[in-house]
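Asks: One letter stands for each residue in the lines below.
Protein chains: 2
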Amino acid sequence: MKKLINDPEDVVDEMLDGMLSAHPDRLRRLPDTQVVVREDAPVDEKVGVVSGGGSGHEPTHAGYIGDGMLDGAAAGNVFSSPTADEFEALIEACDAGDGVLAVVKNYEGDVMNFETAIELVEMTGTEVATVVVDDDVAVEDSLYTSGRRGVCGTILVHKAAGAKAAAGADLEEVQQVAQKVVDNVGTMGTALTSCVTPEKGEPTFDLGENEIELGIGIHGEPGTERTEKMSADEITEELTESVLSDLDLSEGQEVATIVNGMGATPMMELFIVNNRLQELLGEHGLETWDAWVGDYMTSLDMEGCSITVCAVDEELKQLLGATVDTPALTTQ
Amino acid sequence: MKKLINDPEDVVDEMLDGMLSAHPDRLRRLPDTQVVVREDAPVDEKVGVVSGGGSGHEPTHAGYIGDGMLDGAAAGNVFSSPTADEFEALIEACDAGDGVLAVVKNYEGDVMNFETAIELVEMTGTEVATVVVDDDVAVEDSLYTSGRRGVCGTILVHKAAGAKAAAGADLEEVQQVAQKVVDNVGTMGTALTSCVTPEKGEPTFDLGENEIELGIGIHGEPGTERTEKMSADEITEELTESVLSDLDLSEGQEVATIVNGMGATPMMELFIVNNRLQELLGEHGLETWDAWVGDYMTSLDMEGCSITVCAVDEELKQLLGATVDTPALTTQ
Chain A
1 MKKLINDPED VVDEMLDGML SAHPDRLRRL PDTQVVVRED APVDEKVGVV SGGGSGHEPT
61 HAGYIGDGML DGAAAGNVFS SPTADEFEAL IEACDAGDGV LAVVKNYEGD VMNFETAIEL
121 VEMTGTEVAT VVVDDDVAVE DSLYTSGRRG VCGTILVHKA AGAKAAAGAD LEEVQQVAQK
181 VVDNVGTMGT ALTSCVTPEK GEPTFDLGEN EIELGIGIHG EPGTERTEKM SADEITEELT
241 ESVLSDLDLS EGQEVATIVN GMGATPMMEL FIVNNRLQEL LGEHGLETWD AWVGDYMTSL
301 DMEGCSITVC AVDEELKQLL GATVDTPALT TQ
Chain B
1 MKKLINDPED VVDEMLDGML SAHPDRLRRL PDTQVVVRED APVDEKVGVV SGGGSGHEPT
61 HAGYIGDGML DGAAAGNVFS SPTADEFEAL IEACDAGDGV LAVVKNYEGD VMNFETAIEL
121 VEMTGTEVAT VVVDDDVAVE DSLYTSGRRG VCGTILVHKA AGAKAAAGAD LEEVQQVAQK
181 VVDNVGTMGT ALTSCVTPEK GEPTFDLGEN EIELGIGIHG EPGTERTEKM SADEITEELT
241 ESVLSDLDLS EGQEVATIVN GMGATPMMEL FIVNNRLQEL LGEHGLETWD AWVGDYMTSL
301 DMEGCSITVC AVDEELKQLL GATVDTPALT TQ
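Protein chains in written order, with the working numbering: chain A, 1 to 332; chain B, 1 to 332.
Fair warning: there could be bad hints in the mix.
Across the chosen pairs, the derived CB separations fall in these ranges [unchecked claim]:
1. B:Gly285 x A:Leu143: 27 to 37 Å
2. A:Glu122 x B:Glu241: 33 to 43 Å
3. A:Met1 x B:Asp325: 50 to 60 Å
4. A:Met1 x B:Lys317: 35 to 45 Å
5. A:Gln318 x B:Asp325: 16 to 26 Å
6. B:Asp290 x A:Leu143: 33 to 43 Å
7. B:Ser250 x A:Gly201: 39 to 49 Å
8. A:Phe205 x B:Asn210: 18 to 28 Å
The calculated lysine to any residue pairs, modelled on SDA-like cross-linking and capped at a C-alpha distance of 25 Å, are [said to hold, decoys possible]:
9. B:Lys317 x B:Leu280
10. B:Lys2 x A:Asp233
11. A:Lys229 x B:Lys317
Hints were generated in silico from the structure; no laboratory data involved.
Where a beta carbon is used, it is the ideal one built from N, C-alpha and C, also for glycine.
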């Protein structure tokens, strides 16, 4: 497989430097780490909001660092958790004295290393609250997970928590809105092709010329069903119905939606999926308050998409709609 | 080949509807056309700025419709020019009486159909100026082109012209800054894999497991050289040196750069390319004023990237740096 890389061992390092050289006025890398923070971190009189996880999901997470979203993020190696040391450095760099919310995707390595880091920083007086995102409705327990996986819904958690922190809320309030998103969001994905990690250089899993996988994870973990290829409308229906049946929303409920590309999916195809998604939501009597379409939480070069639906109330609408200014997401 | 589509004949129609349903407050589709315009077009007391071309390059062009950029865009079928009728409807919908700038990528179909449309609207008193973008330094004349091809540098033309129009300039002034970008920008691309059109469902061209193509066009048109696969650094050097040798800039010149993904390239890899690009520019004594990294002008599901360099003066810095609010590009 061909990739635009140099030595596979250097991909995260070179990627972070390439990101920094595109955004020198926004981002800063902590020396000798794979931790990236706001150029002006820690921000005075604001709760810090941090996240992190394995690389390969770009623009997640460092792409969401900036006003109204994350204060910093730790990047592990490809599909591997950052170390506890890196999480520790991240939290410390983003604490201005008002505490830090750690947004953790539910993978065993991330959860464990964040926990260790939190124990360490708490010994020096830093207050940390945590929210664990487990929005993937496809499977309970998985290759790297006890319980559900954290996937694209995480971006909405970042957005809501970041906006709440920017508005001057305290740590408990920031944690509460983050948890509110977790309680109201569901995601399910599909793969048309496998991702290929730089190190292995070969597909992580085999998928036939006429096969797709429903319920796929963002590291190529198995989904719910391997099936013959289907039309975009049929795939959209499968994913949407699974998410909606999990969320069990009332008619008239307002929702935010994401059609998320897995890394190698043309934007044309994502809009085609969104077209059917919005029709389906209408058929269910749901009202779309906002619809995002793009590559938010990718899986290297996997072809496919995920659909995220999040029920929103007035508070979440205000927070998700608040202005934000980051490399990957900016609104006026 | 697997794609997230329904009937290949419907891809553009469904894509546009999916885009509209994601941005109902920003975009409006002219009835019975593939023309999309600002919801509030035509904008009073402002020169209209329009573009268009074949589909398959998303977010180009409709993704750049909004405050500070395009007023509207016509979408042809995949890799096919919009008709003269569609260009005519586009121009008329975006003319508030102050004239319209048509930004045309240099492909024979686009140029011819825009010219016919302009003749038609001029008969009804609409004033139109044109700029033809031909930033691809790889080849003179090509499959669909006399002279150079218009590729990713077009986005900078949209940005500068749109900002100038938003600032209240007249048609001649808007045309002049658009031409200034054209005169100062160069791009070159590479493909690791071929694109696959929805209609054909197979690779447009064959590329071996260990081959790449340098100087590729955005429709899979042949480039300058087919070569053995190289590292990201080597590819970046080839592309950058070709662009710089064409532009012939003085030491100390400030530049804007784009590392553009072709549709199926992980963002990780684009940042790795940007890392080497910025080093190289420094070695040439050039100063990067702004660096963009992302999918701006794609070629369906082609894997690869292009590098764009544009020399900027105070006027272009002001225009390229002006705030913009579109589906695909927003700054504060």
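Asks: Give a verdict on every hint.
Replies: Checked hints:
1. Between Gly285 (chain B) and Leu143 (chain A) the C-beta distance comes to about 50 Å, which lies outside the given range of 27 to 37 Å.
2. Checking the proposed 33 to 43 Å range against Glu122 (chain A) and Glu241 (chain B) shows it is violated: the Cβ atoms sit about 52 Å from each other.
3. Taking the beta carbon of each, Met1 (chain A) and Asp325 (chain B) are about 38 Å apart, not inside 50 to 60 Å as hinted.
4. One distance hint, 35 to 45 Å for the beta-carbon pair Met1 (chain A) and Lys317 (chain B), holds here, with the actual separation near 40 Å.
5. For the pair Gln318 (chain A) and Asp325 (chain B), the supplied restraint of 16 to 26 Å holds, since their beta-carbon distance comes to about 20 Å.
6. Distance hint check: the CB atoms of Asp290 (chain B) and Leu143 (chain A) are about 41 Å apart, consistent with the given range 33 to 43 Å.
7. Against the hinted window of 39 to 49 Å, the Cβ-Cβ separation of Ser250 (chain B) and Gly201 (chain A) comes to about 42 Å, which satisfies the hint.
8. Range check, Phe205 (chain A) to Asn210 (chain B): Cβ separation about 23 Å, and the 18 to 28 Å hint holds.
9. For the suggested pair Lys317 (chain B) and Leu280 (chain B), the alpha carbons sit about 21 Å apart, so the restraint of at most 25 Å is met.
10. At most 25 Å may separate the alpha-carbon atoms for a hinted pair to count; Lys2 (chain B) and Asp233 (chain A) meet this at roughly 14 Å.
11. The suggested pairing of Lys229 (chain A) with Lys317 (chain B) is violated, with an alpha-carbon distance near 48 Å, which exceeds 25 Å.
Hints 1, 2, 3 and 11 from the earlier list are contradicted by this structure; the remaining hints agree with it.
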